[in-house]
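**Q** Chain by chain, the residues run as shown.
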Amino acid sequence: MKVHTYERVFLWLGGAVLVACLAALVYGSVGLGLHLPTKAGTIDPQAVAVTPPFDRPGVRQVGPNAYEAVMIGRIWSFTPAQIEVPAGADITFVLTSADVIHGFNLEGTRVNMMLIPGQITRNRYRFKEPGEYTIICHEYCGVGHHTMYGKVVVK
Amino acid sequence: MKATPTVLDPAGFELPPDQKAALRWTIYIGYFALTAGIFHGLAQALSYANIDILRFFPGLKGYYQGLTAHGVANALIFTFAFSNGFLPLMTARALGRPLVGWLVHAALATLVIGNVLVIYAVTTNQASVLFTAYAPLQAHWTFYFGLVLVVVSTWLALVNMLVVLRGWRREHPGARIPLLGYISVISYVMWLLASLPIAVSFLGFLLPWSLGLMQKIDPLLTRTLFWFTGHAIVYAWLLPAYVSWYALIPAQAGGRLISDSYTRVVFILFLILSIPTGFHHQYTDPGIPESMKAVHAVLTFGVVFPSFATAFSVVAALEIGGRARGGRGLLGWVAKLPWGDPSVVAQMLAMLAFVFGGVSGLINASFTMNQVIHNTTWIPGHFHLTVGAAVTLTHMGVAFWLIPYLTGRGLWSRGQALTSAWVYTIGVFIFSRGMISAGLEGMPRRTFRVAATYSNPAWDFGGMLTGIGGTLMFFGIAQFFVVIAMTALAGSRAGSPRDIPITETLTAPATTGWERHLDRLGLWVLVTVVLCVIAYGPFLLTYLPPKLVSPGYRLF
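Just so you know, the sequences run in chain order A and B.
Per our numbering, the very first residue in the first sequence carries number 1; after that it's consecutive.
Per our numbering, the very first residue in the second sequence carries number 1; after that it's consecutive.
The hints are simulated quantities; they were obtained by calculation from the structure and are not laboratory data.
Quick caveat, the model's predicted, so the values are computed rather than measured.
Positions of the beta carbon are idealized from the N, C-alpha and C atoms, including for glycine.
Keep in mind that the hints are not guaranteed to be accurate.
[Stated by the list, open to error] As a list, the in silico DMTMM-like pairs of lysine to aspartate or glutamate whose alpha-carbon atoms are at most 25 Å apart:
id, chain 1, residue 1, chain 2, residue 2
1, A, Lys-151, B, Asp-460
2, A, Lys-151, B, Glu-441
3, B, Lys-216, A, Asp-55
4, A, Lys-128, B, Glu-441
5, B, Lys-336, A, Glu-7
6, A, Lys-2, B, Asp-519
7, A, Lys-2, B, Glu-515
8, A, Lys-2, B, Glu-504
9, B, Lys-216, A, Asp-44
10, A, Lys-2, B, Glu-319
11, A, Lys-155, B, Glu-441
12, A, Lys-39, B, Glu-171
[Said to hold, decoys possible] Take a look, some chain B residues computed to stay more than 12 Å from chain A by CB distance:
id, residue
13, Arg-169
14, Lys-293
15, Leu-337
16, Ser-492
17, Leu-526
18, Gly-537
My request is simple: use the sequences and hints to build the entire structure.
**A** Below, the structure written as structure tokens:
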């Protein structure tokens, strides 16, 4: 198979761009410790209200400067609708859905997760700046989808 | 350099009239679906600009019913109806053999029945679950069954192509498969493999569950099966466009394709790498190990490579055409390209849009970076540059010669055809610019923004561009529909092309050596299956059995 010289150069450059991008991703996840949600346990979506930790949703301290924010998505609101966390602390979001698939996107941050019935979603984030952040459900969940939001107040 | 024709029968080959008619109607269904889908598309774009036009839609029960119709009509029916007509036609022409008549008609009938069922379910508001059909939102069974029939019609089209290929191979032992036939067949072979997970999801879970035969369902498993198919489905839409870019456009522009084997390698890479990449749609999902998401990230980067190769090959073929038409200098050939031919222009604009679609897609695939844009309007901003521009504009461009070829009537208005392509292109660039920038500010996709109980002033500018661009896109497609309808109904009996434009290659397919193995479809299918097992096996083995936890919800 004859490959033209220009083409060879073009493909090597293209390959190099891809490898460089992948290296940046490895640096981001391994070097900077940015993670995606991974396996974090299962739950019966119809028994969310009586299953710990979702029987007592809200924020609790779990260590020095470390908090857990337990929240439930259900049509068409989050429980609790608003949480308060301190700036500069490690916040682990522990989330699930009590009915259909919902989204959990915290505006202006990289906190972006799916709530899938039967699964528990966990991810960690540290707010640098105090302020009010809107949580938006960004997965279609029925006629009231565009009315589903919540709030994180960082103090 | 000596040119070697890729066609074995330069005199041309024409299908029997009844087969040609069936393929013509198959393709008409696609263009009807495209046009039907844009009305709510306009409503969606304007909703992001804070303008509500839903009151002008009599009978529509809500935004998400319309959104479902838009997605199903434009992403599923338009694309597959086009492919179901186009790919068998290309295969038959390239191999110079008729299709199997009853299979052509069976594929069309299945497609029609599937469409009728889906239209019933969607118009009666019993299936407002969007085209992704995520459980546990539950649609009426006719929705799932109708979509299954649409997929079955694609399988019938493939079987037809494979029968033709087998017949050709028997008569030409040891000969290389003509390029156009090869890339047409491999496009649908990829889709066959890709469609199996969604078939399992629909037939094994969603359909029995919607019929009440199964009480509960596993939302993560059905979602994963959807995306097992769902990334490759994008390539199933794209590859027929690539068939045109590689095998037809160079001839239309007066150029030639550089390498035969190289083109085959590109299509094999798409076959192998399109499917084992689905987790990059699920980076933010729970229940899937981060390590497996990383594997899919690397494989997704791999599937970019054949698109890089395509960028070079196709542009080089155009350059040969431009120079043959008298173009000089580094870029002088660009001006000499046939800018007055709407078919070529629409497809060159498609290629241009795909550059940006590809780059934004690479960002989507970028693992943790995906968290910034997942499920924001960035995503539809991206895929309106791929399926909504690269594929749509190519299918428009192909229509400008294909409909005359199939009807025997000349293109109704070259000027209007050209205008429709330009208006649509300008529209889609403005639209996507708006969607992408507002998405970076967190504007959610799939959301009735006009009525949302939250807002953000940072979305206003992007939302406005979305509305302006979407309006132009609407008018571009509306004009395209008029051109096609007038061509079919009132085009002049003279001036239609007698044959399809088939490109010659500069390097002929080798008849000895390793390159012959490129034609061993079975081997490459096996490689694909192995890679899919590696990509999905560990997840499925540790995840199964299905966790049937969710009853159905009808929240529409």
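**Q** Against each hint, give a clear statement of whether it holds in the structure.
**A** Cross-check of the supplied hints:
1. A:Lys-151 - B:Asp-460: holds, 21 Å
2. A:Lys-151 - B:Glu-441: Given pair Lys-151 (chain A), Glu-441 (chain B) holds - Cα atoms ~17 Å apart, limit 25 Å.
3. B:Lys-216 - A:Asp-55: At roughly 23 Å apart (the allowed maximum being 25 Å), Asp-55 (chain A) and Lys-216 (chain B) satisfy the hint.
4. A:Lys-128 - B:Glu-441: Distance ~18 Å between Lys-128 (chain A) and Glu-441 (chain B) Cα, so the pair holds.
5. B:Lys-336 - A:Glu-7: holds, 23 Å
6. A:Lys-2 - B:Asp-519: holds, 17 Å
7. A:Lys-2 - B:Glu-515: Satisfied, since the Cα-Cα distance of roughly 11 Å is no more than 25 Å.
8. A:Lys-2 - B:Glu-504: OK: Lys-2 (chain A) and Glu-504 (chain B) at ~16 Å, within 25 Å.
9. B:Lys-216 - A:Asp-44: holds, 12 Å
10. A:Lys-2 - B:Glu-319: holds, 18 Å
11. A:Lys-155 - B:Glu-441: Answer holds: Lys-155 (chain A) to Glu-441 (chain B) is near 22 Å, not above 25 Å.
12. A:Lys-39 - B:Glu-171: Cα-Cα ~54 Å, so violated.
13. Arg-169: The claim holds: Arg-169 (chain B) sits with its nearest Cβ about 22 Å from chain A, beyond 12 Å.
14. Lys-293: Contrary to the label, Lys-293 (chain B) does not stay out of reach of chain A, its closest Cβ about 6 Å off (not over 12 Å).
15. Leu-337: holds, 19 Å
16. Ser-492: Given a closest Cβ separation of 42 Å, the condition holds.
17. Leu-526: holds, 22 Å
18. Gly-537: Its Cβ never comes within 12 Å of chain A, the nearest being 16 Å, so this holds.
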